[in-house]
Each structure stands twice: as C-alpha cells, then as structure tokens.
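Whenever a hint applies, use it, and build me the whole structure from the sequences.
Protein chains in written order, with the working numbering: chain C, 1 to 417; chain B, 1 to 91.
Hints in this document: simulated from the structure, not taken from any laboratory. A virtual CB, placed ideally from N, CA and C, is assigned to each residue, including glycine. There's no promise every hint is true.
[As the list claims (entries may be wrong)] Sample of chain B residues with no beta-carbon within 12 Å of chain C, all distances over it, derived:
1. H24
2. R27
3. K83
4. M84
5. G85
6. E86
7. P88
[Said to hold, decoys possible] Once the Cα atoms are required to be at most 16 Å apart in a straight line, the calculated EDC-like pairs of lysine to aspartate or glutamate come out as:
8. C:K232 with C:D387
9. C:K252 with B:D37
10. C:K269 with C:E292
11. B:K77 with B:E55
12. C:K4 with C:E292
13. C:K155 with C:E33
14. C:K252 with B:E91
15. B:K18 with C:D312
16. C:K308 with B:D72
17. B:K50 with C:E208
18. C:K32 with C:D312
19. C:K230 with C:D408
20. C:K232 with C:E33
21. C:K59 with C:E33
22. C:K156 with C:D273
23. C:K252 with B:E41
24. C:K55 with C:D312
25. C:K252 with B:E22
26. C:K308 with B:D76
27. B:K18 with C:D301
28. B:K47 with B:E22
29. C:K2 with C:E107
30. B:K83 with B:E55
31. C:K357 with C:E388
32. C:K55 with C:E198
33. B:K77 with B:E13
34. B:K18 with B:E55
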Amino acid sequence: MKKKYSIFSLIKNAFSYHENWEKAWKDPMPKKEYDAVIVGGGGHGLATAYYLAKKHNMKNIAVVEKGWIGGGNTGRNTTIIRSNYLWDASAGLYDHALKIWEGLSQELNYNVMFSQRGVMNLAHNLQDVRDLKRRTHANRLNGIDAVYLNTEEVKKFCPIINTSPDIRYPVLGGTLQRRAGTARHDAVAWGYARGADEMGVDIIQNCEVKGIKRNSDVVEGLETTKGFIKTKKIGVVAAGHSSVIANMAGLKLPLESKPLQALVSEPVKPIIDTVVMSNAVHAYVSQSDKGELVIGAGTDDYVSYSQKGSHDIVEGTLNAILELYPIFSRMRMLRQWGGIVDICPDASPIISKTSIKGLYFNCGWGTGGFKATPGSGDLFAHTIANDEPHKLNAAFNINRFVSGDLVDEHGAAAVAH
Amino acid sequence: MFIINCPYCGEREQSEFKAGGEAHIIRPKQPTELSDDEWAEYLFMRKNIKGVQFERWNHAHGCRKWFNMVRDTSNDKIKAVYKMGEKPPIE
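So, in structure tokens, the structure goes:
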C-alpha cells in the first residue's frame, strides 16, 4: 500500500528535504507471462492498465514502453480538455472522459491540476457561425454545456482578443464550453502509473516491441528488447507508431502519422485565464500555471515520424496569433517541439478489436487525444477485458471503414488536417 | 522543413509543395465489382511506413505538376524524385 499524498506527507517530507519520498512506481524486469500487455506507456496506455486492474480485476498485466512513460505525445500536447463534439457517438465518448476528469485528482490521490477555465472556439466567417451554432445545438441536445457568444460577449469573456471589424479574419462570434479547460499532462501519466503500480501492474520502460507472435489468427506474445513476453491479450496504444506495430502483426490501419507542433513563450504574469481556439485561422492559446503561453500549431501534410515540423506551419500560426492578440507582439518564444499524431480519415479514434484474436488497437486520436485520456483508458480496458466494446466505443470500431459508418469530426477537431 | 528537387523546376522549399499521400495505389479497374473490404482497402488503408516510403507530391505553388518521391519518413531525407508514370528508380 502506497502512502497517501497529503498536506501532512508534504510537511513531513519537508523535514528530510524531500529526499525520502517513496518511488511512485517500480522499475521491474518483465515476467515470462502476463494476462494482458499494453503496448505504449503514455496517458492512454497507463489509464488502460489502471482501469483493467481496478474495474476488471486484471492484476497480472504489464505496460511496455519503448522510452520513458509520458515521453511521447502525452508530454507534447497543449493539454486542452473539452467535449463539444458534433456527433452523438463523439459526444458520448468525450463527455465520458470529461466526467472522469472532474474527479480524477481525488480518485488517483494525485493532483492532475484539472482546471475548468472554459474553452472558447471562435468563428471568423459566416460558415463558421453557422457551423458553430449547429454544433452548440447538437451539444446541448447531448447534455453537453455549450453556449454561443456574439462578438461583444467574446470580447467580454476574453478582453485581450482583437475584435476590431477591420482585421483580416474578424471575430464574428464563438462558442464557450465552461466545463472544459486544461490539466497538467505529465501528472496524468504519473498519477495513472502510480495508481496502476499500486495494484500490481508492471510498468516496464525502455522496452521496445520488436514483433508480435501469433499462431494463425490468435496472438501468443510479444518480442521485445527485453525478451519474449507470453500473453493472450495485447492492447496497442502506440499513437503515431500504431501503424508500425500493426505492420508487425500483418495488419493495415487507416492511419497517417504526421508531425504536429506546439510552442511556448517565456513566462509572463496572468494574461489569459481561458483557452481560446480558432479553427479558421489556426491559432489556439492558453496560459500554463508557470505563466508560459501555450500555443498549438497545425499538422504538416506529409507523413513523418521525425518529431519535427515545418517552420512555415509555426509562422502561419503565429501570424494568426498576432492578429488576434496584438498584445503578444513582443513576446519571445522559448521552446518549440513536434509530436507524431496518427490521423484517421474521419478525424475520430479507433478503440477496437481486430481480425486477430487477442489483439486490440486504441489509436487514431490524431490531434486531440489528450482530452480523452481517462475515458479512452476506461473504454479500452472494458473492450480488452470483455473482448467486446462498451456501448460508448462501439461506434469507434475499425470496421466502420468497411461499412462506411464514419464519425466525421473534422469540424470539431479544431486542428487543420 | 526540407528542400525538394522538383523534376520540372529544380530545387525549391518544401512549403511550395503539397503532399499527396502514398503513391502507386492502383485505382480499381472495375469499381462496380469491388467488395466493401476492397473499397476500404483502396480508400482508407495506408502503409504509413516508418522508413522508406513512396509518395505523391504536387508543386502547388510552382509548376502545379504532380510527381513521385521516395523519402525516408523517419528523418525526412529524400532518396529519389521521379515523374508520374516512370518506374521508381529504387526498389
């Protein structure tokens, strides 16, 4: 049993200069056999392991991660959480996640710094206005809080936005989801890792999957850089590298992996207390608790695993940011980085069984997976444990690309791709 | 960010080009006879290779011509560029 984190444990450890905190998770070598192995130690993978152990009583499981946990897209995203998606299936999926976020810090006894500061999506032309109004209505029918704001209300909610009618793409209105917000990305991975570890899950870092062993259409185990691991169930949550793992099993996925960039500025005093996204001009910005502006750019249009993006993408985003927020004109950018996002043709994820028994994929989250972390883990755990999808992720099966029953969320994805 | 040697215009910045995805996906000869699985394979399934990949590009802000490229997607190094209809210069 791990010691609970609290104000008292903080004070107690202060006396020993914080040098005696117990390790949040162990660093084991893999056992010969597990009941299930999760490939990918990001937020989604760790959450999957956590819920498998907690809700489905599968304790003899492992998470294998080729680098360190939370070192991929979990540590590279812009931490935005919202559920204002258009279609019923997506609303169910993303709002399920948002509801878990609301109690996650307490559940994990780990402060994930979930902050419901609201997310505003701006409209810059008449089609945007129509689309966002439609989405607001759809959200409300699905029980998701959403309001449509006119230009004055946008300005009132976020006074630093330039709402002048003579800018290139004037602000004509916007939507606001007040329950939406941000969380601390690293803390989510670490909190789930600590929780899963406590229930006996082996978290194995620096362990890259090299092959999937199967006997005709049934999985038998994994070849890894730390030896062969026998298992009957493999859950792949490898984000940008999903296709690489799928190829090992002889499967093809409807994915393209592309660089997505983000950048942060030097830290400044509080200036923006919400998240503002603008699909049409492609600029979104929030402020971290450290004071940095967190800015998300778009994806490049070519396949790449290089974790680097093009400068013209960043330049386009910053042009839009400066037009919308002239107050930022003298801010200096501190860091810029890229992550590799796996994009589905319909901009919706895949949480699904496959044609191979015991092989499950959770992928295709594209540019917006962070927000879904707890819900994705919960539903993927259900799918693996029962060999059947939960009703909330039934629509996100891989066969929708054969049946044509796509969940087109390009409009709500809010990042151009 | 990289430089692309357009087979018609020569070396230009990548930002002038539009990526057109995986190359050499053959359009079905008899679409009416395709099963749903075959349609899904043609329309949606992609190799998405980490490593050497064959792809189509368009010089969108230049000559606007389409061509093929062989590129290592793990480091964005271009191996070869060749015109539409030509055989790939490397296997």
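Outcome of the hint check:
1. Under the 12 Å C-beta cut-off, the non-interface status given to B:H24 relative to chain C holds; the minimum distance is some 15 Å.
2. With a minimum CB-CB distance of about 17 Å to chain C, B:R27 clears the 12 Å threshold, and the non-interface call stands.
3. The beta carbon of B:K83 sits about 19 Å from the closest Cβ of chain C, which is more than 12 Å, so the claim that it is off the interface holds.
4. A cut-off of 12 Å between C-beta atoms confirms that B:M84 is not in contact with chain C; the least separation is 18 Å.
5. Once the 12 Å rule is applied to beta carbons, B:G85 is consistent with being away from chain C; the minimum gap is 22 Å.
6. The beta carbon of B:E86 is kept farther than 12 Å from every beta carbon of chain C, the shortest such distance being approximately 21 Å.
7. In this structure B:P88 is separated from chain C by more than 12 Å, as the shortest Cβ-Cβ distance comes to about 17 Å.
8. For the given pair, C:K232 sits about 12 Å from C:D387 by alpha-carbon distance, which is consistent with the 16 Å threshold.
9. Restraint check for C:K252 and B:D37: the C-alpha separation of about 12 Å stays at or below 16 Å, so the hint holds.
10. With a C-alpha separation of about 9 Å, the suggested pair C:K269 and C:E292 falls inside the 16 Å cut-off, and the hint holds.
11. About 13 Å separates the Cα atoms of B:K77 and B:E55, which keeps this hinted pair within 16 Å; it holds.
12. A threshold of 16 Å between alpha carbons decides the hint, and for C:K4 with C:E292 the separation of about 31 Å lies outside it, so the pair is violated.
13. Straight-line distance between C-alpha atoms of C:K155 and C:E33 comes to about 58 Å, which puts the hinted pair past the 16 Å bound.
14. With a C-alpha separation of about 21 Å, the suggested pair C:K252 and B:E91 falls outside the 16 Å cut-off, and the hint is violated.
15. Restraint check for B:K18 and C:D312: satisfied, since their Cα atoms lie roughly 13 Å apart, inside the 16 Å limit.
16. A threshold of 16 Å between alpha carbons decides the hint, and for C:K308 with B:D72 the separation of about 14 Å falls inside it, so the pair holds.
17. Taking the CA atoms of B:K50 and C:E208, the gap is near 15 Å; set against the 16 Å cutoff, the hint holds.
18. Distance restraint check for C:K32 and C:D312: the Cα-Cα separation of roughly 48 Å exceeds the 16 Å cut-off, and the hinted pair is therefore not satisfied.
19. About 38 Å separates the Cα atoms of C:K230 and C:D408, which puts this hinted pair outside 16 Å; it is violated.
20. Note on C:K232 and C:E33: the hinted pairing holds, with a Cα-Cα distance of about 9 Å set against a maximum of 16 Å.
21. Proximity of C:K59 to C:E33 is assessed by CA-CA distance (about 12 Å); at most 16 Å being required, the pair is judged to hold.
22. Under the criterion of a C-alpha separation no larger than 16 Å, the hint pairing C:K156 with C:D273 is consistent with the structure, at around 12 Å.
23. For a cut-off of 16 Å, the pair hint linking C:K252 to B:E41 stands: about 9 Å separates their Cα positions.
24. Under the criterion of a C-alpha separation no larger than 16 Å, the hint pairing C:K55 with C:D312 is inconsistent with the structure, at around 46 Å.
25. For the hint linking C:K252 to B:E22, the alpha-carbon distance of about 13 Å falls within 16 Å, and the restraint holds.
26. This hinted pair checks out: C:K308 and B:D76 have alpha carbons roughly 9 Å apart, not beyond 16 Å.
27. Between B:K18 and C:D301 the CA atoms are separated by roughly 7 Å; this keeps the pair inside 16 Å, and the hint holds.
28. Between B:K47 and B:E22 the alpha-carbon distance is near 8 Å, which keeps this suggested pair within the 16 Å criterion.
29. The hinted pair formed by C:K2 and C:E107 meets the criterion: a straight-line CA distance of about 14 Å does not exceed 16 Å.
30. Using a Cα cut-off of 16 Å, the hinted pair B:K83 and B:E55 holds, with the two alpha carbons roughly 11 Å apart.
31. Between the alpha carbons of C:K357 and C:E388 the distance comes to roughly 12 Å, so the proposed pair stays at or under 16 Å and holds.
32. The straight-line distance between the Cα atoms of C:K55 and C:E198 is roughly 14 Å, inside the 16 Å bound, and the hint therefore holds.
33. The straight-line distance between the Cα atoms of B:K77 and B:E13 is roughly 14 Å, inside the 16 Å bound, and the hint therefore holds.
34. Proposed proximity of B:K18 and B:E55 is supported: the alpha carbons are some 11 Å apart, at most 16 Å.
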